Amino acid sequence: MHLSHVPSSPFTGPKAASEAYAILPRMHVQLLRLALGLYSVGLLHSVFTVLRKKQTFFKPAVVATIIGFGCHAASIGLRAYELQTVAPTQPYESLSLFAALAVLAFLVVYRKYKLSSVGILAFPAIFVMTFVANMAAANSPDSVPEVLRSRWLYIHTPLVILGYVAFFIAFSAAVLYLIQERELKAKRVFHNRLPSLEICDDLAYRSLAIGFPLMTLGILSGALWAQQELGVSWISDPKILLAFLTWGIYLVVINYRLIAGWRGKKAAYLAIAGFVGVLVTFSFQSGFHATFHP
Amino acid sequence: MELALIGVSHKTAPVEVRERLAFPSDKIRAALASLLEKTHAAEAMILSTCNRVEIVARGPDAKVVRDFMCEYHHIPADSIAEHLYTYQNAEAIRHLFRVTASLDSMMLGEPQILGQVKEAWRLAAEAGTIGSALSPLLDRAFAVAKRVRSETGISQSAVSISFAAVELARKIFGDLTGKTVMIIGASKMGELAAKHLKRNGVASVLVTNRTFERAVEIAKIFEGAAIPFEHFSDHIDHADIVISSTGAPHFIITKPLAEQIIRSRRNKPVFFIDIAVPRDVDPAVNDLDNVFVYDIDDLQQVIDGNMKERMKEAGRAEEIVDREVRAFYTRMQSRDVAPTIVQLRDTIEKVRREEIERHRRLLRDLPAAQQEAALAALDQVTQSLMNKILHHPISQMKEMAGDPQGADFIETVRKIFNIKSQ
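Taken in sequence, the protein lines are chains U and X. The first sequence begins at 1 in the numbering used here and counts up by one. The second sequence begins at 1 in the numbering used here and counts up by one.
Simulated from the structure, these hints should not be mistaken for laboratory data. Fair warning: this is a prediction, and the values are worked out from it, not measured in the lab. We put the beta carbon where it would ideally sit given N, CA and C, even for glycine. Do not rely on the hints blindly, as some may be mistaken.
Simulated crosslink set (DSS-like; lysine-lysine; CA at most 27 Å straight-line) [said to hold, decoys possible]:
(1) X/118 x X/146
(2) X/308 x X/350
(3) X/255 x U/265
(4) X/171 x X/188
(5) U/185 x X/255
(6) X/388 x X/398
(7) X/195 x X/220
(8) X/308 x U/187
(9) X/11 x X/312
(10) U/187 x X/198
(11) X/255 x U/187
(12) X/415 x X/398
(13) U/185 x X/268
(14) U/59 x X/312
(15) X/27 x X/171
(16) X/171 x X/198
(17) U/185 x X/312
(18) X/171 x X/268
(19) U/265 x U/187
(20) U/54 x U/187
(21) X/198 x X/220
(22) X/171 x U/185
(23) X/146 x U/59
(24) X/308 x U/185
(25) X/268 x U/187
(26) U/54 x U/185
(27) X/171 x U/54
(28) U/114 x U/187
(29) X/171 x U/59
(30) X/171 x U/187
(31) U/187 x X/188
(32) X/195 x U/185
(33) X/171 x U/266
(34) X/171 x X/146
(35) X/11 x X/63
(36) U/185 x U/114
Now the in silico label distances, taken between C-beta atoms and shown as ranges [as the list claims (entries may be wrong)]:
(37) U/108 x X/323: 37 to 43 Å
(38) U/193 x X/259: 43 to 49 Å
(39) U/56 x X/300: 28 to 34 Å
(40) X/204 x U/216: 36 to 42 Å
Could you build the full structure based on these sequences and the hints that come with them?
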């Protein structure tokens, strides 16, 4: 079975791409900038809410974020069309996709749980990710290395990024849990709009339950791909080792939750530790990933 | 429109005075009929609750309404003078808005008063004493109350032990649907807390007490199960919320017991509400993960904080009321201003037309073309003269519409120009 090195994409090829590029020069960069501008309303909401200790223009923030998401999705779609690929091929593109999916996840969680307080964490995170993606977007190359036109990649990257998004939600829920738990234990007179412990715990667990299989499959597909490209040497790649370590933390969380009935504080600490692992792994560029990894 | 509001409340009168002035609800309709007859009021409403007695009337002077109230209750007017407040027009509107929005309540932000005003309004509507002025006024009062409720936190946080317990339980469990509560020991406060929890979705209630019969009694109220006291620790792990209020001199819930409970609950959280003095739950239990212990002082502390929060929110509520009163009063006044302006214009226009007609007769000997030109010039001159002369009075009237003295001003204008009421 030889699945790598599939040069042709499902689309018509480089000609159509260059035409689109000519009509809309760097349009995806402009759209991403626009999205960033709109996300900044959410950032302002968070800053003012924390400073004034009172929810401040949340509704405008949500509306701006929804419109921003539209621009963001268009930017990603356009870029995918330009490069004739369905998976991100640059670190910034991964980050951009990650941010867009985080926005989507936030909106879904907000709708389902009516949790406006998640925004305090989510809006700044979304803004920062989009901001970083934006800085790199301007210098993005216009072609994709052949090695990244692989079906394995089309599976590997989206799976891993979806997993990251799920873990990001679990992380946010865990942080909210710990804050609320501390307030309750300290018997502080609280007028917070934080969600109840049960909702935080439930949200963290569900996101882990969704994120873990995605991550597992993502790592597996990456390993198989690397095996074909590089043989056994991929094992010693620090980034891949970190990914395994992170995966291990989540394995422990899931395990303890299911078997030992861990919940609440301990589970929250582990979810946070896991996400720290995700961040380290994501930002660590080495070996194969330094050359090619999105 | 002349609006008068008189009354007494918990802030101005002791209960001995309030009870003598109260109108029983079955007498209110008859009282309203008699009020309209004796005071010649066009519209009226009586609000009578245990904390206040108030009459709102359109038409008569406040003094006349007060005399009616004293006469009705056979009380000499000067005996209640010091307790009675009177408000007119804008101040009457403000008072009604504040009362309806629960800003004048004994327990700031309590929700019952809105229902009581609605009931008073219903009785008056049935008596046929609500008309074109009171109807929009009360509609607005209800809308203002709703605005205050939703835009400020004045009614948000719990200010009683039992509501504080529910509020805290929600912070832990979110939705209380399907949860189980256990009551240890019989006490009024424990029962009340359980009642509020049940109303908020708690599915089953377990009751235990040293006297088993008493446990059975209480269990019956909540359609729950009674548990003999010596077996309560076998069942306590089913309870998400435990309300303890025994007279025991020692801890009923010790740390080892709590540890055992949390183990058999597989770390599902548990909320102990300890309203006993001396305490039933060892405070060290609060150190365990997934266990939350609130004793009576903790609950009181929550309530005190909530009360402070309500006071703070009341300031914002007053601002809303201020704006609403101004807006309503302006609208009310301009209803009188607008027709006066129209009538003023009509009166002057009539004079102008008459003058032009008179000149048409004087000019009839001129050639047709010259006659037309002269009449056209005359029309133009008088028209612009009229506009110039009326410009300032009309803009002044519009401006005075929002002023408390506006009504008098409008009246003066009507007199000067001899504008008759329609």
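### Task
Decide if the proposed pair is consistent with the structure: residue 171 of chain X and residue 198 of chain X, CA atoms, cutoff 27 Å inclusive.
holds, 16 Å
### Query
Hey, residue 195 of chain X versus residue 185 of chain U, does the alpha-carbon distance stay inside 27 Å?
This hinted pair holds, its Cα atoms lying about 25 Å apart.
### Message
residue 54 of chain U and residue 185 of chain U were given as a pair; does the straight-line alpha-carbon distance stay at or below 27 Å?
### Response
holds, 22 Å
### Query
For the pair residue 193 of chain U and residue 259 of chain X, does the Cβ-Cβ distance stay inside 43 to 49 Å?
With a Cβ separation near 33 Å, residue 193 of chain U and residue 259 of chain X fall outside 43 to 49 Å, so the hint is violated.
### Query
Does the alpha-carbon distance linking residue 195 of chain X and residue 220 of chain X stay inside the 27 Å limit?
With Cα atoms ~12 Å apart, residue 195 of chain X and residue 220 of chain X stay inside 27 Å; holds.
#### Entry: Hint consistency between residue 54 of chain U and residue 187 of chain U [alpha-carbon to alpha-carbon, up to 27 Å]
With a Cα-Cα distance of about 20 Å, the restraint between residue 54 of chain U and residue 187 of chain U holds, given a limit of 27 Å.
### Restraint status (C-alpha distance of residue 146 of chain X to residue 59 of chain U at most 27 Å)
holds, 20 Å
#### Entry: Given pair status - residue 187 of chain U, residue 308 of chain X, alpha carbons within 27 Å
Holds, because 16 Å separates the two Cα atoms, which is no more than 27 Å.
### Query
Within 27 Å, alpha carbon to alpha carbon, are residue 171 of chain X and residue 266 of chain U?
Distance ~19 Å between residue 171 of chain X and residue 266 of chain U Cα, so the pair holds.
### Message
With the threshold set at 27 Å, check whether the alpha-carbon distance from residue 11 of chain X to residue 63 of chain X stays at or below it.
### Response
Holds: residue 11 of chain X and residue 63 of chain X sit about 21 Å apart, inside 27 Å.
### Task
Please work out if residue 388 of chain X and residue 398 of chain X have their alpha carbons no farther apart than 27 Å.
holds, 16 Å
### Task
Take the C-alpha atoms of residue 185 of chain U and residue 312 of chain X, compute the straight-line distance between them, and say whether it is at most 27 Å.
Holds - the C-alpha atoms of residue 312 of chain X and residue 185 of chain U are around 25 Å apart, at most 27 Å.
Hints 2, 15 and 38 from the earlier list are contradicted by this structure; the remaining hints agree with it.
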